[in-house]
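Student: Take a look at the letters that make up each chain.
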Amino acid sequence: MIDINGVRTVLIKEWKCFVGSDRSVFILYMILVVSWSFLIANSNTQINTGSLWLVFFSVIVAANFSNTVFISERVTGTLEIFMTSGITRDSILFGKMVFVFLMSSFMGLLCIMFGITWQTIFPEFGTTSIGVYEIIVYLSSTVLNIGSSAFLSVKMANPRLLHFANILITAGVVIVYIAVSGFLYLPHYLLPAVLICGGIVMSIFARREFNSEKILQPVIF
Amino acid sequence: MPPIINVSKLNKSFSKYSILDNISIQIEPGTVYGLVGLNGAGKTTLLRLLTGLLKPDNGTVSVLNCNPWEHKREYYQKIGVVLENDGFWGNLSVKDNLAIYASAKGLNSSEVEKYIDEYWKNSEIHSNTRKVKTLSRGQRMQCGLCRAFMGWPEVYFLDEPALALDMTAYEHMCSIIRHAQKRGAAMIISSHQLDTIDKLCDRVGILQDKRIQELEKEKPDSVSGWQIVTENLEQYGKIIKDAGGEEIVYDNGYYFKIDTPKTIPLIIKNLVAVDCKIYEVKRLQDGFSNTIRNYYNSKKEGFNDRY
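Note that the protein sequences, when read in sequence, are chains P and A.
Taking my numbering as reference, the numbering of the first sequence is continuous, increasing by one, and the terminal residue is 221.
Taking my numbering as reference, the numbering of the second sequence is continuous, increasing by one, and the terminal residue is 307.
Next up, chain A with everything else stripped away, as it sits in the complex:
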């Protein structure tokens, strides 16, 4: 499938400071691309270039066969955006804000009502007549997500979409993103939350030193370890070790690495034998998060201090 987002040899500087150098990305429809990088790496700048808010110094940006910097109406009607600022007018109600953006996107009110009824029924957005300035940060983010997915655009640029969301809202955001993905949308998600990247992204690029490096995801069935959630008693760790596991104590249980899953029944049997209450046993898969951690550790960027 031909790429829907095509960035080639992109450069961007602000006065004498170079931010992005020779960036190339191709993203096909139905792909969720994770964009990670340390603070100031240029993630937001890249998203602003893709949304046509900034003009590239060199290189080409093509999204949906359009040059974003031409600021065409048709282009903006096909993209959904969440940026650093939620962009809502505080003195207007949620309903009024969404109505203005719907009108800008060329959607009629019945389409919007249907969309909100169908996908945001259980959220605060449904029939919300409160002024936006009275909403919490998380609620405003939900409104921002609702606006971005309104009309189900073909391309999304989401800058920290999970910021300030509660558990329910977070799960809802994930389901909405997956729904858009199933409809064939391409997406770039910029986030510092590695769980979000792991959960949603098919590909990940790290912005570092003005350049982008794409990461290879570990095989989906590769197991990095197991986590067993019990009380944190010293004797339980000893049992795990004795049974062949390499134990590490977490706040909410034990994490252990094993060579063979056959060891798990033995560990559980031994734990039960000493009246250990086992709350949960789960397999931990290697995802992007481990790869990202390993990347930064290898770069000695003090990643563990930051994440």
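With the rest of the complex left out, here is chain P:
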């Protein structure tokens, strides 16, 4: 059962914890955003894959935030007490997922803005299309990554593999989509729809794990 006050408390808590992080965290995020925005902006290289850069950026960003939000709480033991504080487990899970989504969206938009800026400053980069569709793909990929991160953070005994597993899941969906589109005509909106559906399925699995005893099992590093 999700209650709005509980979700609000979780969001406030996550925001305060993020703001209170060490300065190095912000520096690393800025380096990541700026360097990735060059990849998005530059369409004249052989490694240009268009909007897929955005998809894989969402994997990295969402998994990073999920690491902090889902796993570190289990490592430090704060989740145990938080679950007895008066906020339902569903609200905690949903609040955390919303927080990761908001932060990933912000980072993605920041990355796109930088990308557009580089294209303006350096015309030789070319003009990679960064439109509404790319943003929708990015956001739907974020939904899948958050769902799978939440699920895997409880399911996997060693959450160090979280990034890797996330990349496999997202890449799997994208590869299947590309492979099928080689034989069949697939409408544009299908990729984001598949990503969002995948995210919802993963979230349902995550909810089941969150409401089990597994949430308390020790994290192995």
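Just so you know, these hints were derived from the structure itself, not from any lab.
Treat the hints with care, as some may be off.
[Unchecked claim] Result set (DSSO-like, lysine-lysine): computed pairs, CA atoms no more than 30 Å apart in a straight line:
# : chain 1 : residue 1 : chain 2 : residue 2
1 : A       : Lys114    : A       : Lys199
2 : P       : Lys155    : A       : Lys55
3 : P       : Lys214    : A       : Lys9
[Unchecked claim] Here are a few chain P residues that sit away from chain A, every Cβ distance over 10 Å (derived from the structure):
# : residue
4 : Asn67
5 : Leu110
6 : Tyr189
Just so you know, even glycine gets a beta-carbon here, dropped at the ideal spot from N, CA and C.
Assemble chain A onto chain P, guided by the hints.
Tutor: This is chain A only, laid out in the frame that chain P set:
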């Protein structure tokens, strides 16, 4: 009064290892229940079952007429918890941490401020804006206690609440627990500190071999002996013995058993006669601690080595 905590035929195993077997406890409002047991006996597991963090394999757990495993918001708002881990976010200040937990409990900030002003004024918690990661272990425990008693819940589960507390903080914790008890709260305190169990608990259960055995407390007026605090000189022990006491030397004085309190004036008179400086004379009562010691000694579990 009907029990507020009702555990019946509870079993819990982790894979093939059975931890708790057929545990039954009933605790009424206003009762402080001490839970003792050797390391690994299952105390923390029992507290986790009562807080709904673990699911029982068999049996029933009912606290405040709720099944903790249903994870209802209303249930958690009526319980106060101190677990092994203090659960504070190190990068946030004490104030921010408490504000988040207050919000989770549905308390408003003015209620929390009033509570802290009233009950934690002389502690480090009052107006503490330091990040939790900079606090000592004892200070963090005080914050944990402050959080557990916030809003004065009806039931408390306290796992080693006296750990790392200094003398002042310890006394403060005792007074807060007694205050909650007077308000009718039921409490389970798990502790290895027998002084704490003696001082605070009305009933005590020992977890041993997956089962719980409740101990009978000795009569409150029963006297196990007397302690007289003096310098440790051999001649003083002899005086005590000569006067009819069975003396045992402690680091900070003599402990002696006597058949009749009438012997005490004679012992003191004789000690004063040889210019012995007497700092303190006190009666030692039998409490749970002696009963617990006797229990483990009878089980030959090497209790004296552990405690």
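Student: Now tell me if each hint is right for this structure.
Tutor: Taking the hints in turn, this is what the structure says about them:
1. Lys114/A to Lys199/A: 28 Å, holds
2. Lys155/P to Lys55/A: 18 Å, holds
3. Lys214/P to Lys9/A: 24 Å, holds
4. Asn67: Asn67/P is indeed farther than 10 Å from all Cβ atoms of chain A, at 15 Å.
5. Leu110: Holds: least Cβ distance 23 Å, greater than 10 Å.
6. Tyr189: Correct as stated: the minimum Cβ-Cβ distance to chain A is 38 Å, above 10 Å.
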